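Student: Next come the chains, spelled out residue by residue.
Number of protein chains: 2
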Amino acid sequence: MPEIKEKLMANKPLILITNDDGYEADGYRLLVDLMKTLGDVVAISTLESTSAMGHAVTMNLPLRLNKIKDEPGFIEYISNGTPADNIKMGKHLLLDRLPDLVVSGINHGSNAAINIIYSGTMAAALEAAMDGIPAIGFSLAEYGQHPDFSHVSEFVLKITKRVLNDSLPEGIALNVNIPKKTDAPVKGIKIARQAKATWKETYEERTDPFGRKYYWMSGVFLDGDKRVDTDEKAMADNYVAVVPVKFDFTASDLLDKLTF
Amino acid sequence: MPEIKEKLMANKPLILITNDDGYEADGYRLLVDLMKTLGDVVAISTLESTSAMGHAVTMNLPLRLNKIKDEPGFIEYISNGTPADNIKMGKHLLLDRLPDLVVSGINHGSNAAINIIYSGTMAAALEAAMDGIPAIGFSLAEYGQHPDFSHVSEFVLKITKRVLNDSLPEGIALNVNIPKKTDAPVKGIKIARQAKATWKETYEERTDPFGRKYYWMSGVFLDGDKRVDTDEKAMADNYVAVVPVKFDFTASDLLDKLTF
Chain A
1 MPEIKEKLMA NKPLILITND DGYEADGYRL LVDLMKTLGD VVAISTLEST SAMGHAVTMN
61 LPLRLNKIKD EPGFIEYISN GTPADNIKMG KHLLLDRLPD LVVSGINHGS NAAINIIYSG
121 TMAAALEAAM DGIPAIGFSL AEYGQHPDFS HVSEFVLKIT KRVLNDSLPE GIALNVNIPK
181 KTDAPVKGIK IARQAKATWK ETYEERTDPF GRKYYWMSGV FLDGDKRVDT DEKAMADNYV
241 AVVPVKFDFT ASDLLDKLTF
Chain B
1 MPEIKEKLMA NKPLILITND DGYEADGYRL LVDLMKTLGD VVAISTLEST SAMGHAVTMN
61 LPLRLNKIKD EPGFIEYISN GTPADNIKMG KHLLLDRLPD LVVSGINHGS NAAINIIYSG
121 TMAAALEAAM DGIPAIGFSL AEYGQHPDFS HVSEFVLKIT KRVLNDSLPE GIALNVNIPK
181 KTDAPVKGIK IARQAKATWK ETYEERTDPF GRKYYWMSGV FLDGDKRVDT DEKAMADNYV
241 AVVPVKFDFT ASDLLDKLTF
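From first to last, the protein sequence lines are chains A and B. Quick note on this note's numbering: the first sequence kicks off at 1 and runs consecutively. Quick note on this note's numbering: the second sequence kicks off at 1 and runs consecutively.
FYI, nobody ran anything at the bench for these hints, they're computed from the structure. Remember, it's a predicted structure, so these values are computed and weren't measured experimentally. Worth double-checking, as some hints may not be accurate.
Identical copies look the same in the list; a pair holds intra-copy or inter-copy alike.
Said to hold, decoys possible - Pairs of lysine-lysine residues, derived as DSSO-like cross-links and limited to a Cα-Cα distance of at most 30 Å, are as follows: (1) Lys213 <-> Lys161; (2) Lys180 <-> Lys257; (3) Lys5 <-> Lys67; (4) Lys226 <-> Lys257; (5) Lys200 <-> Lys5; (6) Lys36 <-> Lys213; (7) Lys200 <-> Lys213; (8) Lys257 <-> Lys190; (9) Lys5 <-> Lys181; (10) Lys181 <-> Lys161; (11) Lys196 <-> Lys69; (12) Lys257 <-> Lys187; (13) Lys180 <-> Lys226; (14) Lys246 <-> Lys257; (15) Lys200 <-> Lys161; (16) Lys12 <-> Lys200; (17) Lys200 <-> Lys181; (18) Lys200 <-> Lys69; (19) Lys226 <-> Lys246; (20) Lys257 <-> Lys158; (21) Lys12 <-> Lys257; (22) Lys180 <-> Lys246; (23) Lys213 <-> Lys187; (24) Lys181 <-> Lys257; (25) Lys158 <-> Lys12; (26) Lys200 <-> Lys246; (27) Lys213 <-> Lys5; (28) Lys196 <-> Lys257; (29) Lys196 <-> Lys246; (30) Lys200 <-> Lys67.
Sequences are here, hints too, so could you generate the full structure?
Tutor: Put into structure tokens, the structure is as follows:
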């Protein structure tokens with residue numbers, strides 16, 4: 001076994017952080033700074049953005065880790081892995097004990113509705129939940145390199161402190177989506193369910209300098225879900241949406257209806 | 001919009017196929033051959049294995065498609081996309097109508113229990129379910145390049161014919177796992193739920209020829225789930241396990257229990 005187990009102070013909460021926008025992303029740097037006020041922090045991310053990795057893990061390539069910071073109570077790595085890899089390496093390679101909390105994000109862009117299934121941010125949170133570690137994925141519903149995060153810290157701290165104090169049921173992670181900053185203040189936090197809203201993709205055809213065709217995926221987001229308790233509805237009403245999520249895909253209500 | 005919409009006969013079921021072991025994989029070739037007996041087939045896979053891609057989609061690279069076969073009732077492509085990309089391209093780029101069925105696999109290795117979350121095979125099936133297309137992911141619980149598929153066809157055909165005839169509830173896909181071939185015949189098909197069984201990873205440290213450290217992920221599979229209706233239990237008892245799955249991650253039972 002490798003011998004790079006990091007020892008951090010045992011009297012503070014140990015918080016493991018990753019994201020999928022790369023280690024320089026504004027949302028990640030903000031999350032790291034906020035978590036440093038709450039505990040000892042180990043942060044692992046990638047050099048560049050790895051958006052839409054879903055729950056991919058790396059089996060065909062060797063994984064590499066570079067320590068870029070080692071301060072009292074704060075250690076930071078860059079890896080070539082996916083967000084799920086980063087949490088796996090944190091749990092099983094880097095830390096001498098399981099973290100008390102895993103947080104992921106703050107993602108540049110919403111992970112509400114079907115976006116959760118494509119989300120490396122939420123894959124990381126679910127990867128922690130599998131080992132019974134309380135986990136939260138934070139996302140801001142604004143894309144781009146430098147979204148306005150000025151309204152975000154208050155909610156990230158409130159939700160994280162609550163989870164550190166009260167924990168979460170075994171196997172559960174929180175998918176937290178914060179609405180884009182507007183002139184109106186965010187109204188509060190709503191517990192919500194994943195909206196049935198999905199993407200309809202389009203493909204743009206181009207020709208490369210060698211005469212070969214290639215395609216860029218694009219798409220429009222279609223929300224036809226009329227229920228009033230969805231994450232999309234909460235955000236449309238300017239609330240932070242908190243969806244408790246699990247990694248069991250079973251459609252339990254069908255178990256006694258299907259036969260072969 | 002690109003103009004490569006394939007027209008196939010409208011009087012036969014239109015079946016879209018992908019996998020995550022590459023287009024030459026034994027399981028994929030068998031699935032293609034079996035589906036050709038049931039309908040018109042469009043098959044899209046990758047050149048090589050893309051195992052453990054989860055629900056990754058390609059946003060940072062241009063997508064490429066190469067048609068390698070165009071026969072009456074059968075068209076085959078190779079792409080550089082993930083299994084989820086392949087279904088998206090099938091739905092929105094290649095076909096002039098939604099397929100009647102999407103099948104994925106036959107995966108070399110189990111996608112029961114937590115494996116579903118890492119599985120490109122099942123991501124492809126869920127990608128179809130999002131558009132209301134009945135979808136099935138097939139997996140054989142034997143790894144390796146040339147597993148014994150001799151007991152598989154009967155169950156693949158039985159389950160596929162049933163789904164073609166009766167369809168599936170909107171948004172549902174089937175995760176079908178077939179036990180490894182033994183001397184005893186498979187006992188039948190059981191409807192099951194996803195077992196709470198996960199991987200505990202280990203990392204092997206190596207040093208490259210340039211003196212730099214790298215890591216290979218490995219792991220052991222831990223099944224502590226004692227329930228009798230799980231997919232792992234069904235396969236241990238030599239049944240084909242069929243889990244109806246959905247793409248809603250909400251832990252609905254917690255919606256009225258959490259507050260902030």
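Student: Hints first: check each against the structure and report whether it holds.
Tutor: Quick rundown of the hints versus the structure:
1. Lys213 <-> Lys161: Classified as neither; 51 Å inside a copy, 37 Å across copies.
2. Lys180 <-> Lys257: between (42 Å within a copy, 27 Å between copies)
3. Lys5 <-> Lys67: Close inside one copy (12 Å), not across copies (49 Å); limit 30 Å.
4. Lys226 <-> Lys257: For lysine 226 and lysine 257, the Cα distance is within 30 Å both inside one copy (27 Å) and across copies (23 Å).
5. Lys200 <-> Lys5: between (45 Å within a copy, 16 Å between copies)
6. Lys36 <-> Lys213: between (48 Å within a copy, 29 Å between copies)
7. Lys200 <-> Lys213: within (22 Å within a copy, 43 Å between copies)
8. Lys257 <-> Lys190: Classified as between; 12 Å across copies, 33 Å inside a copy.
9. Lys5 <-> Lys181: neither (40 Å within a copy, 41 Å between copies)
10. Lys181 <-> Lys161: This pair counts as within: shortest intra-copy Cα distance 23 Å, inter-copy 51 Å.
11. Lys196 <-> Lys69: Close neither inside one copy (41 Å) nor across copies (37 Å); limit 30 Å.
12. Lys257 <-> Lys187: between (42 Å within a copy, 20 Å between copies)
13. Lys180 <-> Lys226: Answer is within; shortest intra-copy Cα gap is 21 Å, inter-copy 45 Å.
14. Lys246 <-> Lys257: Answer is both: 23 Å inside a copy and 15 Å across each meet the 30 Å cutoff.
15. Lys200 <-> Lys161: between (37 Å within a copy, 28 Å between copies)
16. Lys12 <-> Lys200: Answer is between: at 25 Å across copies they meet the 30 Å cutoff, but 46 Å inside does not.
17. Lys200 <-> Lys181: within (26 Å within a copy, 40 Å between copies)
18. Lys200 <-> Lys69: between (42 Å within a copy, 27 Å between copies)
19. Lys226 <-> Lys246: both (23 Å within a copy, 19 Å between copies)
20. Lys257 <-> Lys158: Close across copies (18 Å), not inside one copy (42 Å); limit 30 Å.
21. Lys12 <-> Lys257: between (49 Å within a copy, 28 Å between copies)
22. Lys180 <-> Lys246: both (26 Å within a copy, 29 Å between copies)
23. Lys213 <-> Lys187: Neither way: lysine 213 and lysine 187 sit 48 Å apart in one copy and 49 Å across, limit 30 Å.
24. Lys181 <-> Lys257: between (45 Å within a copy, 28 Å between copies)
25. Lys158 <-> Lys12: within (18 Å within a copy, 57 Å between copies)
26. Lys200 <-> Lys246: both (25 Å within a copy, 18 Å between copies)
27. Lys213 <-> Lys5: Intra 48 Å, inter 15 Å, cutoff 30 Å: inter-copy only.
28. Lys196 <-> Lys257: For lysine 196 and lysine 257, the Cα distance is within 30 Å both inside one copy (23 Å) and across copies (22 Å).
29. Lys196 <-> Lys246: Both: 16 Å inside a copy, 11 Å across copies.
30. Lys200 <-> Lys67: This pair counts as between: shortest inter-copy Cα distance 24 Å, intra-copy 40 Å.
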